[in-house]
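Asker: Sequence:
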Amino acid sequence: MLSAADIKKLEAECLEKIQGDELYQLRNDAKLRAVYAAKNYDEFRDIVDAAHLNPLSSQDKRNAQTKQRLWNSVSKA
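The sequence shown begins at 29 in this note's numbering and counts up by one.
No lab work stands behind these hints, which were simulated from the structure alone.
Remember, predicted model here, so these are calculated numbers, not experimental data.
Idealized CB from N, CA, C, for every residue including glycine.
Cut-off 20 Å, straight-line C-alpha distance, at most; resulting in silico cross-link-like pairs (SDA-like, lysine to any residue):
#1 Lys-59 with Asp-74
#2 Lys-45 with Asp-34
#3 Lys-59 with Val-76
#4 Lys-67 with Asp-77
#5 Lys-59 with Arg-73
#6 Lys-59 with Phe-72
#7 Lys-59 with Asp-70
#8 Lys-67 with Arg-55
#9 Lys-37 with Gln-47
#10 Lys-67 with Asp-57
#11 Lys-59 with Asp-49
#12 Lys-36 with Gly-48
#13 Lys-45 with Ala-33
#14 Lys-45 with Arg-55
#15 Lys-67 with Ala-78
Each pair of labels, with its calculated beta carbon distance range:
#16 Asn-82 with Ile-46: 16 to 24 Å
#17 Asn-56 with Pro-83: 17 to 25 Å
#18 Ala-33 with Asp-74: 39 to 47 Å
Please take these sequences and the hints and turn them into a complete structure.
Answerer: As structure tokens, then:
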């Protein structure tokens, strides 16, 4: 029988796998785009490495609450 702790652990593991799969899909799509767009390997790598980033809107840039936010959450690790 599954305990509440087992269910929580399973839920966390599933969410982690889903997030990993989403990142994989983003990076794979970026690779397919970069194959045709990149002029060299460094440019290809930069496109793939930035696949998880979203552009900032002008409202985000002006908003005082979001101005100091760390936008690239991967860089803090």
